[in-house]
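From first to last, the protein sequence lines are chains A and B. Counting in this note's numbering, the first sequence runs from 1 upward without gaps. Counting in this note's numbering, the second sequence runs from 1 upward without gaps.
What the hints contain is simulated information worked out from the structure, not anything from laboratory work. Treat the hints with caution; some may be incorrect.
[To be verified] Dumping the calculated DSS-like pairs for lysine-lysine here, alpha-carbon to alpha-carbon at most 25 Å:
{"id": "1", "chain 1": "B", "residue 1": "K145", "chain 2": "B", "residue 2": "K107"}
{"id": "2", "chain 1": "A", "residue 1": "K2", "chain 2": "B", "residue 2": "K145"}
{"id": "3", "chain 1": "B", "residue 1": "K2", "chain 2": "B", "residue 2": "K16"}
{"id": "4", "chain 1": "B", "residue 1": "K2", "chain 2": "B", "residue 2": "K61"}
{"id": "5", "chain 1": "A", "residue 1": "K83", "chain 2": "B", "residue 2": "K107"}
{"id": "6", "chain 1": "A", "residue 1": "K83", "chain 2": "B", "residue 2": "K61"}
{"id": "7", "chain 1": "B", "residue 1": "K79", "chain 2": "B", "residue 2": "K145"}
{"id": "8", "chain 1": "A", "residue 1": "K65", "chain 2": "B", "residue 2": "K107"}
{"id": "9", "chain 1": "A", "residue 1": "K2", "chain 2": "B", "residue 2": "K16"}
{"id": "10", "chain 1": "A", "residue 1": "K36", "chain 2": "A", "residue 2": "K108"}
{"id": "11", "chain 1": "A", "residue 1": "K2", "chain 2": "A", "residue 2": "K36"}
{"id": "12", "chain 1": "A", "residue 1": "K83", "chain 2": "B", "residue 2": "K145"}
{"id": "13", "chain 1": "A", "residue 1": "K65", "chain 2": "A", "residue 2": "K108"}
{"id": "14", "chain 1": "B", "residue 1": "K107", "chain 2": "B", "residue 2": "K61"}
[Said to hold, decoys possible] Interface residues of chain A toward chain B, partial, derived using beta-carbon atoms under 10 Å:
{"id": "15", "residue": "I3"}
{"id": "16", "residue": "L19"}
{"id": "17", "residue": "T27"}
{"id": "18", "residue": "Y47"}
{"id": "19", "residue": "W73"}
{"id": "20", "residue": "E124"}
{"id": "21", "residue": "T139"}
{"id": "22", "residue": "K144"}
{"id": "23", "residue": "G150"}
{"id": "24", "residue": "D152"}
By construction, the Cβ of each residue, glycine as well, lies at the ideal position given by its N, Cα and C atoms.
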Amino acid sequence: MKIEGITGNVAEVTSESRLSVLAADETRIAQRSREKGDAYAWSNVSYDYVAANTIIGIENNSATKLLVIESVWLYGDVATQVKLHVQSGVTVAGTAITAENLNRSSNKTPPATAVANETGNTVENIIANVYIPAAGESTFVDLKGAVVLGLDDFFGVDYVTEGAVANVTVHGYFIAA
Amino acid sequence: MKITGEGYTADVNSDKQLTVAGASLGSLADAALRGDAYAWCNVSADIDLTDTGLLVRNNSKTRLLVIDTIFLWVDVATKVQIHCPGPGITLAGTVVTGKNLNRSSNKTADASAYADETGNTQANIIYNIFVPDGSTLPHTVVNVKGAVVLSYDESIAIDIVSEPVAYNFTVWGYFVDAS
Numbered sequence: 001m002k003i004e005g006i007t008g009n010v011a012e013v014t015s016e017s018r019l020s021v022l023a024a025d026e027t028r029i030a031q032r033s034r035e036k037g038d039a040y041a042w043s044n045v046s047y048d049y050v051a052a053n054t055i056i057g058i059e060n061n062s063a064t065k066l067l068v069i070e071s072v073w074l075y076g077d078v079a080t081q082v083k084l085h086v087q088s089g090v091t092v093a094g095t096a097i098t099a100e101n102l103n104r105s106s107n108k109t110p111p112a113t114a115v116a117n118e119t120g121n122t123v124e125n126i127i128a129n130v131y132i133p134a135a136g137e138s139t140f141v142d143l144k145g146a147v148v149l150g151l152d153d154f155f156g157v158d159y160v161t162e163g164a165v166a167n168v169t170v171h172g173y174f175i176a177a
Numbered sequence: 001m002k003i004t005g006e007g008y009t010a011d012v013n014s015d016k017q018l019t020v021a022g023a024s025l026g027s028l029a030d031a032a033l034r035g036d037a038y039a040w041c042n043v044s045a046d047i048d049l050t051d052t053g054l055l056v057r058n059n060s061k062t063r064l065l066v067i068d069t070i071f072l073w074v075d076v077a078t079k080v081q082i083h084c085p086g087p088g089i090t091l092a093g094t095v096v097t098g099k100n101l102n103r104s105s106n107k108t109a110d111a112s113a114y115a116d117e118t119g120n121t122q123a124n125i126i127y128n129i130f131v132p133d134g135s136t137l138p139h140t141v142v143n144v145k146g147a148v149v150l151s152y153d154e155s156i157a158i159d160i161v162s163e164p165v166a167y168n169f170t171v172w173g174y175f176v177d178a179s
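In isolation and in its complexed conformation, chain B is listed as follows (with noise of 0.2 Å):
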């Protein structure tokens, strides 16, 4: 069976490979197409030592949450610890709104975010990372590639071990149907 379109025939290589063209698009992509991709991100503040500056849980029992970047930025160096802290905590803190990338689309995340979040114990890190005093220095992208899969009830949260007087945490993730 030969493959034809457009007056064309695909052609198949010496090394028996089917030769094709495609156009790639990412998930985080595919996912805001849907209107279903969503970032969070907190109103800086002057918050304590080994405290959680974002956490976001997902909250849908039919689809997962798969984080795709996070970026980061304080105003002291410091280790940042991301961790999964795990299902069952009573979630409290400063609220943070899910913003839909896709502005045509009127979804909203089925999920809860906070800054400052005190509810949760650190546990499960997955994520060590040192940042630069950020008054002088730019921010640090730590791209996950969607590789951090959250299900009902998971959470995904940022500590930050040192001192700050300011921080700014983004983080951007989409809902896929859990299988």
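Chain A with its partners taken away, still in its complex shape (with noise of 0.2 Å):
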């Protein structure tokens, strides 16, 4: 069996036994962004903010799609150690965030609920402990898609050290569960 395009040619088998394709990759983010407008940012706008601070908290409240968490973005005034943590059945309260569908064309809103100096969770379940230098730039942190949120997981960053700037963007999408 023979693999014929559209123009009329024939694709091949190279000496080691592989099909030979040209692949125009792109991740998995971006596929979900630009096919179905599910991918979204969340940032929280600086305060001043105490020890401890949770200063972002995203919830996930669909039924029927999980929430990958993709990468963060993180800065600060002061140095300070920075948890990033998840669990579930938190009773968000904070300052309500409103998500950035990253596909501009698309109008949906995520099935999501997310808040700054977020004050419902305690802190467990850290799965990664980073720190950030005072000013100076971001730090980012690349979670490669692999922190899951199903329904009512929660997903938190605190900044341990106190400090009057804080900023915080997440970028995350939906799939089907």
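Two chains, two frames, a set of hints: combine them into the complex.
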């Protein structure tokens, strides 16, 4: 059996017994953004925070979709440990954050609740302890799409040391559960 | 034979390549969707120079533990030695529990992990990494890219050469079936 393309060319199999392909690859978040309008950014408005504060908390409210956390950008005016953590069943409370759809031609909104200065959670299930410098540049943490939240699961970003400025941006996308 | 779908026909270019479009999903993310990806994080402690800050051992006889990423932070500038000390260790130290990266999964890691681990002897160094004084500088990311593969009773260990007062290590890894 040979594979023939629409233009009449026939695909090659190499001497290593591999079908020769030309692949246009995109990341999962790019695919979900482009095809489905299901990728979002959550960014807090900077505020003067106390020690051990949850700068951003995001909860998945969908029973039919998983929320996959792709990456986090962190900035603060003081050097601090940052705890990335996950849990379930949080009564979310704080300053509401409106998600931005990364596909600007989509009018979808995410089935998620996001707040800054979240006060309903208690830090547990730390999945990464990272450290950011005082001011300077932001620190990027690539979560590689490995943090997966089901219904009522929560992702939090805590700054340990008190500061006057904190900006966190989280990128994530939804897929069918 | 032509490949068709949704009313379209796939193309083969003049280089005889079938043209395809794909969305890439990293192995760690793929494993997380199965509930097979975990994070191990120590609680910071004042340990001695040359101590093992964190060790993670695969306890599964049927699955491999693949190490994807390591985050390092120490409050002093120091060399960090990442090594695989081999099987047969009687582990001892402060227990570290793996956290499933998929919160909708109730699976637990078939692994043992300890901070300030005292049972191993350093051997088979796979990384010598120098990290800065963490009091003002950020963590160091070691992108292992899934290249470290641990079979049953094999471990990965992270040693701090200089004396710290505080440190935090995070290891991300996932399980795959041993072929």
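The hints, checked one at a time:
no., hint, verdict
1, B:K145 - B:K107, "holds, 23 Å"
2, A:K2 - B:K145, "violated, 36 Å"
3, B:K2 - B:K16, "holds, 14 Å"
4, B:K2 - B:K61, "violated, 45 Å"
5, A:K83 - B:K107, "holds, 22 Å"
6, A:K83 - B:K61, "violated, 33 Å"
7, B:K79 - B:K145, "holds, 21 Å"
8, A:K65 - B:K107, "holds, 20 Å"
9, A:K2 - B:K16, "holds, 11 Å"
10, A:K36 - A:K108, "holds, 9 Å"
11, A:K2 - A:K36, "violated, 34 Å"
12, A:K83 - B:K145, "holds, 23 Å"
13, A:K65 - A:K108, "holds, 14 Å"
14, B:K107 - B:K61, "holds, 17 Å"
15, I3, "holds, 6 Å"
16, L19, "holds, 6 Å"
17, T27, "holds, 6 Å"
18, Y47, "violated, 22 Å"
19, W73, "violated, 12 Å"
20, E124, "holds, 9 Å"
21, T139, "holds, 5 Å"
22, K144, "holds, 5 Å"
23, G150, "holds, 3 Å"
24, D152, "holds, 9 Å"
In this structure, the earlier hints numbered 2, 4, 6, 11, 18, 19 are contradicted, and the remaining ones agree with it.
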